[in-house]
Amino acid sequence: MTSPSSVRPAEIADISAIQKVAKQSWHAAHDDIVGADAVEEFVVDHYDAESVQECIVAPNREFCVVEPKSIVGFADAGPADDRTYTLHRLYVHPDHWKDGHGSSLLAWTESALRDRGITTLQLMVMADNERAIDFYESQGFDRIDQDCDDRFDVESYVYAKEL
11 MTSPSSVRPA EIADISAIQK VAKQSWHAAH DDIVGADAVE EFVVDHYDAE SVQECIVAPN
71 REFCVVEPKS IVGFADAGPA DDRTYTLHRL YVHPDHWKDG HGSSLLAWTE SALRDRGITT
131 LQLMVMADNE RAIDFYESQG FDRIDQDCDD RFDVESYVYA KEL
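The working numbering numbers the first residue of the sequence shown as 11 and each following residue consecutively.
Incorrect hints may appear among the rest.
As the list claims (entries may be wrong) - Derived DMTMM-like pairs (lysine to aspartate or glutamate); straight-line CA-CA distance at most 20 Å: (1) LYS79 with GLU51; (2) LYS33 with GLU21; (3) LYS30 with GLU60; (4) LYS79 with ASP42; (5) LYS30 with GLU77; (6) LYS171 with ASP47; (7) LYS108 with ASP58; (8) LYS33 with GLU50; (9) LYS108 with GLU64; (10) LYS33 with GLU64; (11) LYS108 with GLU50; (12) LYS108 with ASP92; (13) LYS79 with ASP109; (14) LYS79 with GLU50; (15) LYS30 with ASP92.
What the hints assert, rightly or not - Here are the simulated distance ranges between beta carbons: (16) PHE162 with THR130: 35 to 41 Å; (17) LYS79 with GLN29: 28 to 34 Å; (18) GLY127 with LYS79: 33 to 39 Å; (19) GLU172 with ALA137: 21 to 27 Å; (20) GLU77 with CYS158: 33 to 39 Å; (21) MET134 with ARG18: 34 to 40 Å; (22) ASP144 with PRO89: 23 to 29 Å; (23) GLU50 with GLY127: 20 to 26 Å; (24) ASP160 with LYS79: 36 to 42 Å; (25) ASP163 with ILE22: 16 to 22 Å; (26) GLY150 with ASN70: 30 to 36 Å; (27) HIS56 with ASP138: 17 to 23 Å; (28) VAL54 with ASP105: 18 to 24 Å; (29) VAL54 with ASP138: 31 to 37 Å.
Worth flagging that the hints you see were computed from the coordinates, not collected in a lab. Note that CB positions come from ideal geometry on N, CA and C, so glycine has one too.
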């Protein structure tokens, strides 16, 4: 299990490591759901250095990394409204799944959001991503809606948690 001290705010110097984790984790989690080509296109389009940097430096975002020795995961949350944030991404390199890093990233993010006065954290997950669904439900999230992830035209669930 990871110690909470290994989670810290992301920095510009972390972008390359974040991109590597994103690519590996996205392929491991989503290739069977939407196909490797769609995943690769998504990662190229959404994890370019400029996009990641914008999220890291945005004052209204919480972007953190976990690095027991090197960066193995990251989380990013941004505002949905005055009291609700959306967890846009929480990814851990597949070699480190089940090591507690996802829980540490989520705990750090939730603490930072409570410090901002945020009362609800929400997220969307592909309906066929059973690993992620199991994780979020184990962390106290409740399924509140069903939706379509227009990026891939797949069924998705919306989850929320009171902080």
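* Asked: Among all the numbered hints in the text so far, which are the ones the structure does not match?
  -> Violated: hints 1, 4, 6, 7, 9, 11, 12, 14, 15, 16, 17, 21, 23, 25, 26, 29.
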